[in-house]
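Same order as they appear, the protein sequences are chains A and B.
Going by my numbering, the first residue of the first sequence is number 39, and it counts up by one from there.
Going by my numbering, the first residue of the second sequence is number 39, and it counts up by one from there.
There may be inaccurate statements among the hints.
Pairs involving identical chains hold if they fit within one copy or between any two copies, as the list cannot separate such chains.
[To be verified] Capping the alpha-carbon separation at 20 Å, the derived lysine to aspartate or glutamate pairs in EDC-like fashion look like this: (1) K235 / E114; (2) K235 / E84; (3) K322 / E285; (4) K300 / D317; (5) K235 / D113; (6) K235 / E138; (7) K71 / E252.
FYI, nobody ran anything at the bench for these hints, they're computed from the structure.
Spelled out, the chains give:
Protein chains: 2
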Amino acid sequence: MAIRRNIPTVAVDAMGGDDAPGAIIAGINQCLKEEQPFKVLLHGDEQQLEPFLDAYPLVREASTVKHADIAITMDETLSQALRRGRKTSSMWNAISDLNEGNAQMAVSAGNTGALLAMSNLILGTMEGIERPALAVLFPSVRSDVVFLDVGANLRPSSLQLAQFAIMGAAYARMILGIETPRVALLNIGIEEVKGTKAIRDAAQWLQNANLPMEFHGFVEGNDLTNGLCDVIVTGGFTGNVALKTAEGAADFIAYLMRSIIKRSMLARFGYLFMRDAFDMLWRKMEPQEFNGGVMLGLNRLVVKSHGHATSTGFSSALGVALEMSNLGLVDHVKSDLQNVDLQALETQANATNSMDE
Amino acid sequence: MAIRRNIPTVAVDAMGGDDAPGAIIAGINQCLKEEQPFKVLLHGDEQQLEPFLDAYPLVREASTVKHADIAITMDETLSQALRRGRKTSSMWNAISDLNEGNAQMAVSAGNTGALLAMSNLILGTMEGIERPALAVLFPSVRSDVVFLDVGANLRPSSLQLAQFAIMGAAYARMILGIETPRVALLNIGIEEVKGTKAIRDAAQWLQNANLPMEFHGFVEGNDLTNGLCDVIVTGGFTGNVALKTAEGAADFIAYLMRSIIKRSMLARFGYLFMRDAFDMLWRKMEPQEFNGGVMLGLNRLVVKSHGHATSTGFSSALGVALEMSNLGLVDHVKSDLQNVDLQALETQANATNSMDE
Numbered sequence: 039m040a041i042r043r044n045i046p047t048v049a050v051d052a053m054g055g056d057d058a059p060g061a062i063i064a065g066i067n068q069c070l071k072e073e074q075p076f077k078v079l080l081h082g083d084e085q086q087l088e089p090f091l092d093a094y095p096l097v098r099e100a101s102t103v104k105h106a107d108i109a110i111t112m113d114e115t116l117s118q119a120l121r122r123g124r125k126t127s128s129m130w131n132a133i134s135d136l137n138e139g140n141a142q143m144a145v146s147a148g149n150t151g152a153l154l155a156m157s158n159l160i161l162g163t164m165e166g167i168e169r170p171a172l173a174v175l176f177p178s179v180r181s182d183v184v185f186l187d188v189g190a191n192l193r194p195s196s197l198q199l200a201q202f203a204i205m206g207a208a209y210a211r212m213i214l215g216i217e218t219p220r221v222a223l224l225n226i227g228i229e230e231v232k233g234t235k236a237i238r239d240a241a242q243w244l245q246n247a248n249l250p251m252e253f254h255g256f257v258e259g260n261d262l263t264n265g266l267c268d269v270i271v272t273g274g275f276t277g278n279v280a281l282k283t284a285e286g287a288a289d290f291i292a293y294l295m296r297s298i299i300k301r302s303m304l305a306r307f308g309y310l311f312m313r314d315a316f317d318m319l320w321r322k323m324e325p326q327e328f329n330g331g332v333m334l335g336l337n338r339l340v341v342k343s344h345g346h347a348t349s350t351g352f353s354s355a356l357g358v359a360l361e362m363s364n365l366g367l368v369d370h371v372k373s374d375l376q377n378v379d380l381q382a383l384e385t386q387a388n389a390t391n392s393m394d395e
Numbered sequence: 039m040a041i042r043r044n045i046p047t048v049a050v051d052a053m054g055g056d057d058a059p060g061a062i063i064a065g066i067n068q069c070l071k072e073e074q075p076f077k078v079l080l081h082g083d084e085q086q087l088e089p090f091l092d093a094y095p096l097v098r099e100a101s102t103v104k105h106a107d108i109a110i111t112m113d114e115t116l117s118q119a120l121r122r123g124r125k126t127s128s129m130w131n132a133i134s135d136l137n138e139g140n141a142q143m144a145v146s147a148g149n150t151g152a153l154l155a156m157s158n159l160i161l162g163t164m165e166g167i168e169r170p171a172l173a174v175l176f177p178s179v180r181s182d183v184v185f186l187d188v189g190a191n192l193r194p195s196s197l198q199l200a201q202f203a204i205m206g207a208a209y210a211r212m213i214l215g216i217e218t219p220r221v222a223l224l225n226i227g228i229e230e231v232k233g234t235k236a237i238r239d240a241a242q243w244l245q246n247a248n249l250p251m252e253f254h255g256f257v258e259g260n261d262l263t264n265g266l267c268d269v270i271v272t273g274g275f276t277g278n279v280a281l282k283t284a285e286g287a288a289d290f291i292a293y294l295m296r297s298i299i300k301r302s303m304l305a306r307f308g309y310l311f312m313r314d315a316f317d318m319l320w321r322k323m324e325p326q327e328f329n330g331g332v333m334l335g336l337n338r339l340v341v342k343s344h345g346h347a348t349s350t351g352f353s354s355a356l357g358v359a360l361e362m363s364n365l366g367l368v369d370h371v372k373s374d375l376q377n378v379d380l381q382a383l384e385t386q387a388n389a390t391n392s393m394d395e
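So here's chain A without its partners, still in its complex pose (with noise of 0.2 Å):
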């Protein structure tokens, strides 16, 4: 009985994403087979979920199911969501789970706007950190590079950069094991003249903050994969788009690799022997194995999916939020913040008070 106690739990929002609640139910089946034992608060439509519960037993057994009378849906402008799904929706009501202690993580592959929303609301931000962004793990030749905001604030000020530059420095420091953690910020050039305003003034602050990082100025999109930092800020509608440009390049090169092979006799007698190795490397470059972001910066691990997310996907999210949890993530996220001058950098920014333009 010992060992239970230490079983984590996951509040799941089962209504959220494309292929609700069958895909989401499905890859808590995935990752309770794959990766540890852990608990879930199931919240969703009692009668639409009974079905996938009789399909995937394992989940079953794991789960308990919290009835939620609303599904926030993708096309919901937040204002719709928040009307309709305050105290209501299974969104909302996974995040309570979360702030009243019955879980130590969220996940969710809904509405975007919606998770972050509610989660603010509920959860609140760490002190000194005006708004959540979502960070994920990027590879690159190096290692993996942590890569935020890809989709929580589409124009951030540049304080708020500042602040994501802040706290993917302290993911960083935890996930990649990395004292010093060479942060860099996404422009359009890497010479100081480039870029919107918002982003030189967040350049300029961190150049001359004293943080526990290395701040390496601007990078271009290409070096999101070439190793060059270790974590690399953007605001929200940039860092989505490039993030997803990236899983479409990636696919087409697989498209352009296999209809060259179909071509040529020669290449698909080639294959025979490299049919391992492409494995490997499709493998690499599937998006769903890598799929999870985690909301930084607020009080409790919130984790987003991607809305498309598979079975696959969404358990590849559910093990990071799984991950995330047993490294301790957002006390280690706080406790950095604590060393750092964030009252500071406020004042600072309120002098100039540039947004993104």
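Dock chain B against the given chain A, drawing on the hints supplied.
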């Protein structure tokens, strides 16, 4: 002698880009050898050009050197560049040559902001177009996709985004031969409520306007390469990052593949038979091979080469300029625009006047 009249003339800014003037002159040499014959008005510092012209006699023969004291650097601000470079820089002079009809096109690998501003000042925009946009052809699983803006206007207004869409459609009609191009706006989700106000407004107008295109609505980053649309429109900041991110992803995959092959004896054996297929793939993935963005919306043809362009990259940009000149791009776009009620669009836009924020 009759045939010489048809040889086009290119005004080249020989001092722009990271490896100027060496890579520029080597690029002209490569293009002269591989493409059609053309004449060059070579703008730059005579003393710096001289040794390279010694090294490339083919370029010397095709060129008239036009000395300029000033070279605009990559790290100059717009106001610095205009103050220093007005009427004295190789960039300014190359565009002036184009304006005076001494050349049919101008090509520069220099500072994008300066090139845009000088082109705007000297050549002016087409009637009804507020700002030119930088358009590239992006490879996809179906055919090339017209992608704009990739760096000219960091945060365009909704009106400007709509104008980019109309110009992109005109470009696609000419270069892809599609009568009714499918046009989309790049966003962080396909739902109508997603994105900034500027994007949503632009979408609404494009949806309701009677335009010679099929407006598809919103697409995401991964739709750049899947052939869903013929024209994809975004602001210059995000477009630039997306373009370079795709390049970086391609490099990363090539790196992964090489390292997997290196580790496996079997794969190395298979590779012997697949070498030709891989060579074809590397070529398709090489960004220098499809370098060269067109400044759409100017009254004359200006092509921007990547600042990091090698000689192959600059040769490719020259090839784009020659092809677009042969096809009569500027006249095509102009005549297409005459069939569109840009005034109505502007009236609508002024009523809302949303900036991308």
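Cross-check of the supplied hints:
{"no.": "1", "hint": "K235 / E114", "verdict": "between (32 Å within a copy, 15 Å between copies)"}
{"no.": "2", "hint": "K235 / E84", "verdict": "neither (50 Å within a copy, 37 Å between copies)"}
{"no.": "3", "hint": "K322 / E285", "verdict": "both (11 Å within a copy, 17 Å between copies)"}
{"no.": "4", "hint": "K300 / D317", "verdict": "both (16 Å within a copy, 15 Å between copies)"}
{"no.": "5", "hint": "K235 / D113", "verdict": "between (32 Å within a copy, 15 Å between copies)"}
{"no.": "6", "hint": "K235 / E138", "verdict": "neither (41 Å within a copy, 36 Å between copies)"}
{"no.": "7", "hint": "K71 / E252", "verdict": "neither (40 Å within a copy, 47 Å between copies)"}
Comparing the model with each numbered hint stated earlier shows that hints 2, 6 and 7 do not hold.
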